[in-house]
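These protein sequence lines map, in sequence, to chains A, B, C, D, E and F.
FYI, in UniProt numbering the residues of the first sequence are 1 to 67.
FYI, in UniProt numbering the residues of the second sequence are 1 to 67.
FYI, in UniProt numbering the residues of the third sequence are 1 to 67.
FYI, in UniProt numbering the residues of the fourth sequence are 1 to 67.
FYI, in UniProt numbering the residues of the fifth sequence are 1 to 67.
FYI, in UniProt numbering the residues of the sixth sequence are 1 to 67.
By construction, these hints were calculated from the structure, which means they are not laboratory data.
Take these hints with a grain of salt, some might be off.
Since the list can't tell identical chains apart, any single copy or any two copies may satisfy a pair.
[To be verified] Okay, derived cross-link-like pairs now, DMTMM-like style, lysine to aspartate or glutamate, Cα gap no bigger than 20 Å in a straight line:
#, residue 1, residue 2
1, Lys16, Glu43
2, Lys16, Glu40
3, Lys16, Glu52
4, Lys16, Asp27
5, Lys16, Glu31
6, Lys16, Glu49
7, Lys16, Glu32
Predicted model, so just to flag it, every value in this text is computed and none were measured.
There are 6 protein chains.
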Amino acid sequence: MLSARNRLDGEVVDVKTGDVTAEVVLDVGGEEVAAVITRESAENLEIEEGMELTAVVKATDVMLRSD
Amino acid sequence: MLSARNRLDGEVVDVKTGDVTAEVVLDVGGEEVAAVITRESAENLEIEEGMELTAVVKATDVMLRSD
Amino acid sequence: MLSARNRLDGEVVDVKTGDVTAEVVLDVGGEEVAAVITRESAENLEIEEGMELTAVVKATDVMLRSD
Amino acid sequence: MLSARNRLDGEVVDVKTGDVTAEVVLDVGGEEVAAVITRESAENLEIEEGMELTAVVKATDVMLRSD
Amino acid sequence: MLSARNRLDGEVVDVKTGDVTAEVVLDVGGEEVAAVITRESAENLEIEEGMELTAVVKATDVMLRSD
Amino acid sequence: MLSARNRLDGEVVDVKTGDVTAEVVLDVGGEEVAAVITRESAENLEIEEGMELTAVVKATDVMLRSD
Numbered sequence: 001m002l003s004a005r006n007r008l009d010g011e012v013v014d015v016k017t018g019d020v021t022a023e024v025v026l027d028v029g030g031e032e033v034a035a036v037i038t039r040e041s042a043e044n045l046e047i048e049e050g051m052e053l054t055a056v057v058k059a060t061d062v063m064l065r066s067d
Numbered sequence: 001m002l003s004a005r006n007r008l009d010g011e012v013v014d015v016k017t018g019d020v021t022a023e024v025v026l027d028v029g030g031e032e033v034a035a036v037i038t039r040e041s042a043e044n045l046e047i048e049e050g051m052e053l054t055a056v057v058k059a060t061d062v063m064l065r066s067d
Numbered sequence: 001m002l003s004a005r006n007r008l009d010g011e012v013v014d015v016k017t018g019d020v021t022a023e024v025v026l027d028v029g030g031e032e033v034a035a036v037i038t039r040e041s042a043e044n045l046e047i048e049e050g051m052e053l054t055a056v057v058k059a060t061d062v063m064l065r066s067d
Numbered sequence: 001m002l003s004a005r006n007r008l009d010g011e012v013v014d015v016k017t018g019d020v021t022a023e024v025v026l027d028v029g030g031e032e033v034a035a036v037i038t039r040e041s042a043e044n045l046e047i048e049e050g051m052e053l054t055a056v057v058k059a060t061d062v063m064l065r066s067d
Numbered sequence: 001m002l003s004a005r006n007r008l009d010g011e012v013v014d015v016k017t018g019d020v021t022a023e024v025v026l027d028v029g030g031e032e033v034a035a036v037i038t039r040e041s042a043e044n045l046e047i048e049e050g051m052e053l054t055a056v057v058k059a060t061d062v063m064l065r066s067d
Numbered sequence: 001m002l003s004a005r006n007r008l009d010g011e012v013v014d015v016k017t018g019d020v021t022a023e024v025v026l027d028v029g030g031e032e033v034a035a036v037i038t039r040e041s042a043e044n045l046e047i048e049e050g051m052e053l054t055a056v057v058k059a060t061d062v063m064l065r066s067d
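Starting from the given sequences, assemble the full structure and let the hints guide the process.
Structure, rendered in structure tokens:
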């Protein structure tokens with residue numbers, strides 16, 4: 001079990017790979033969730049479009065906005 | 001406009017206030033999203049249960065997990 | 001209102017765009033503040049030199065150093 | 001030398017100490033900068049009001065907002 | 001598999017629990033590694049002294065210092 | 001003194017430089033620790049393989065995993 005509380009399941013809809021980092025966009029229940037991870041991690045996880053992944057976020061990294 | 005890409009709308013279902021920080025849990029489409037912000041920010045936003053808020057997360061703070 | 005407490009207004013003095021990320025440097029009252037955001041965000045905000053922007057930082061991401 | 005690019009000198013104007021964390025607010029050229037660090041770090045640095053400190057922030061933790 | 005690259009195994013040598021957060025210190029090969037997580041996560045993981053845990057850190061959260 | 005609690009000494013075993021960011025991998029007592037910093041910081045610190053560096057991580061950025 002990981003202490004990071006936030007886990008959102010989604011499908012990969014876009015992958016952009018750079019020299020050092022990669023941006024992966026998931027469709028999470030109709031909302032886009034973008035992650036920037038290292039290129040190496042993207043390769044280790046063999047990430048490609050259509051794949052099911054879980055976005056994981058530590059609670060201290062979540063901000064809140066009121067309208 | 002804010003550069004942080006990830007915005008998830010939800011309803012406050014729990015608020016825990018400490019001396020320095022506060023934990024706020026949102027229901028985002030049936031999923032729980034927990035945020036730890038400063039107590040002062042929780043007071044500035046007048047956060048209470050039932051309120052509509054948006055969880056905001058920078059893409060560099062999102063990890064990905066494959067099962 | 002956003003829970004992130006720290007907001008510093010400045011002028012863009014440098015923009016470096018990569019495949020996935022972009023580095024934007026602001027002059028904030030004579031001090032340089034550098035941000036790394038996604039390339040997509042830099043394009044969405046149409047960031048260019050001379051533009052007025054606000055640097056936003058969550059309090060949990062600020063460290064302190066004593067000399 | 002530390003890789004974190006952003007360093008802003010200021011004076012401590014407020015300290016709130018909790019069980020686990022502490023909130024320290026600096027006056028940086030007339031702007032408030034708030035940091036949440038561990039209580040232990042606040043004690044190690046012997047932080048108190050009136051003290052000169054430097055706020056240090058990694059560039060990947062800085063967001064940008066356009067009005 | 002999780003995209004966060006850094007994983008360091010250690011033994012819990014100290015746990016401090018607050019209202020909202022908890023500080024857990026691991027002994028990792030003779031070095032101390034401190035984590036601040038939510039109190040709820042500390043309870044979910046049933047963290048106590050002597051327990052074996054893995055510290056997990058995203059590469060974008062690691063800074064480097066040269067002497 | 002810096003408030004970030006976690007400091008792990010190691011030797012640079014790999015450096016990947018991109019347009020905006022750089023990935024640096026340290027050998028810390030036989031474990032790999034990867035950092036993503038700005039390209040400019042990597043140049044300022046003149047990072048190259050074989051160099052001794054210290055990985056610095058804020059406690060709020062450390063997650064814990066139990067097996």
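Here is how each hint holds up against the structure:
no.	hint	verdict
1	Lys16 with Glu43	both (12 Å within a copy, 15 Å between copies)
2	Lys16 with Glu40	both (13 Å within a copy, 11 Å between copies)
3	Lys16 with Glu52	within (17 Å within a copy, 29 Å between copies)
4	Lys16 with Asp27	within (15 Å within a copy, 29 Å between copies)
5	Lys16 with Glu31	within (18 Å within a copy, 27 Å between copies)
6	Lys16 with Glu49	within (10 Å within a copy, 25 Å between copies)
7	Lys16 with Glu32	within (15 Å within a copy, 25 Å between copies)
Every hint, counting from the list given before, is met by this structure.
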